[in-house]
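Student: Spelled out, the chains give:
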Amino acid sequence: MSLAAEAFVSQMAAAEPWPETATLYQPLKEDQILLSDCASSLAVQAYLRMCGLPVQVVCRANAEYMSPSGKIPFIHVGNQVVSELSPIVQFTKAKGHSLSDGLDDVQRAEMKAYMELVNNMLLTAELYIQWCDDATAAEISRPRYSSPYSWPLSNILAYQKQWEVRRKMNAVGWGGKTLEQVYEDVSQCCQALSQRLGTQPYFFNKQPTELDALVFGHLFTILTTRLTSTELAEKIKSYSNLLSFCRRIEQTYFEDKSSS
Amino acid sequence: MNQNMAAAMELRCWGGDWGLPSVHTESLIVLAYTKFAGAKVTVSPVDWTWKTLTATVPELLCGDSAVQEPTPIVNFLRKQRFNADFELSARQGADTMAYIALLEEKLRPALLHTFWVDAENYANLTRPWFASRSPFPLNFLVPPRHANIALSRILLTKGEAPLHRITEVEGKIYSDAKECLNLLSYRLGTENYFFGNSPTSLDAFVFGFVAPLYKAGLPSSPLQSHLRQLDNVTRFCDNILAVYFSSDHPYG
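Same order as they appear, the protein sequences are chains U and Y.
Under full-length UniProt numbering, the residue at position 226 of the first sequence is numbered 226, and the numbers go up by one with no gaps.
Under full-length UniProt numbering, the residue at position 206 of the second sequence is numbered 206, and the numbers go up by one with no gaps.
In short, the hints are calculated from the structure, not lab data.
Keep in mind that this is a model prediction, so the values were computed, not measured.
It cannot be assumed that every hint is accurate.
As the list claims (entries may be wrong) - Below, in silico cross-link-like pairs of lysine-lysine (BS3-like), each with a Cα-Cα straight-line distance of 27 Å or less:
id	chain 1	residue 1	chain 2	residue 2
1	Y	Lys172	U	Lys161
2	U	Lys71	Y	Lys215
3	Y	Lys178	U	Lys95
4	U	Lys93	Y	Lys172
5	U	Lys161	Y	Lys158
6	U	Lys93	Y	Lys178
7	Y	Lys172	U	Lys95
What the hints assert, rightly or not - Take a look, some chain U residues computed to stay more than 12 Å from chain Y by CB distance:
id	residue
8	Trp18
9	Arg60
10	Val106
11	Ser147
12	Ser154
13	Lys168
14	Lys206
15	Thr224
16	Glu234
Don't be surprised by glycine CBs; every beta carbon is placed ideally from N, CA and C.
Make a model of the complete structure from these sequences and hints.
Tutor: If you want it as structure tokens, here you go:
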């Protein structure tokens, strides 16, 4: 959204309280959704649960096309549609719900820096593994991404998405990396997160923030998704405080979910 | 042992101007880190050579190995025991990674846009500078190539499908960049460096990103004006220039 549109949305958002009918849209859970989208969606769900805002999760095959920015997930609240975690955080802030108000400037800077670390490393690694690794792309990503469509549309859409992601990887300099290097980057990212978390329950001690939601979304999804190899999940499992962090958030905020 | 290897290290990078040892962000990061870590490298600017087109800059040559791009070069120097970060705690090392990611995601797109995509800056400053430092006929090829790479990088990472137009993302990338500069300013506070009294790799990265924006003679840049208002960040750059890159020995 352009800045003017964002400001307008914020003003409109501030006017109304959070309705009961808020919905979150994502691709089909069983057949279609991919690792990176599932992680982003879970991060937003965790954030909304942490804020105590009710939201219904609705699965649609064309969720990606419905989204205003083309990215998953997006929420439909009242008569506004907002996609991606950062704009959703701003949107809820305009409605008066925020998790990071208690932080001072330096802590907020740290929180934003760590969120960019997760986006820069974990999300990019997920995209790389899904679409640039030939084995995973052929066995998992392309079939799943195109499952709601019939041939030849399924082929066209799957290859188009793969081409798009590979272009993006080249642009950010990940095109030349090998799978081992990507796993190594994930490991370093997890090490940084683990060291920052230490023995605290959440990243900023007692209260969860959007950073906790984002990290939970990505780590939990990686741990519970079946890929062609378990190496990615193994990298995370070697950090016990990250595992107990995920378990803690799952138990605190998702205990009534029947499936994760 | 390592001293022999150290003497043989050569760094290829873009040359300097505007009071900086190099105008190119990645080259500047590596130059600053070599100073902070006390590594002796011979600097060979690629200006006026065909390497402006053929080489990936910056490039560190040491014996048989050639390493490119700032993060691998910094890691390589660390393995050679030129480590500016050895006094950092594990948590500070993690913070370093996070802040570097912040710079890459929030500041880099706006810097690329300011120097390579904004028509006035590109025509009046960037293209003439790079064209004048490239031999004929590369002066016609090198600047447009960098400009295309910059534009496609911005659109691919920040552009929202299906309308890949630069005007739509401009507002967002500049507001992200201003926020990033503010966050750096909060984090730096009144210290000389980001972690205590001696500079580390994070200081090198921040210096590399911020110094060109601070010092370049850009005809139109609201981002530069915003940066100049952040006194502690500009003082940070001036301090590094004075201590490590004084005019007596610009390259060491």
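Student: Could you tell me which of the numbered hints above are not met by this structure, giving the numbers in increasing order?
Tutor: 2, 10 and 13
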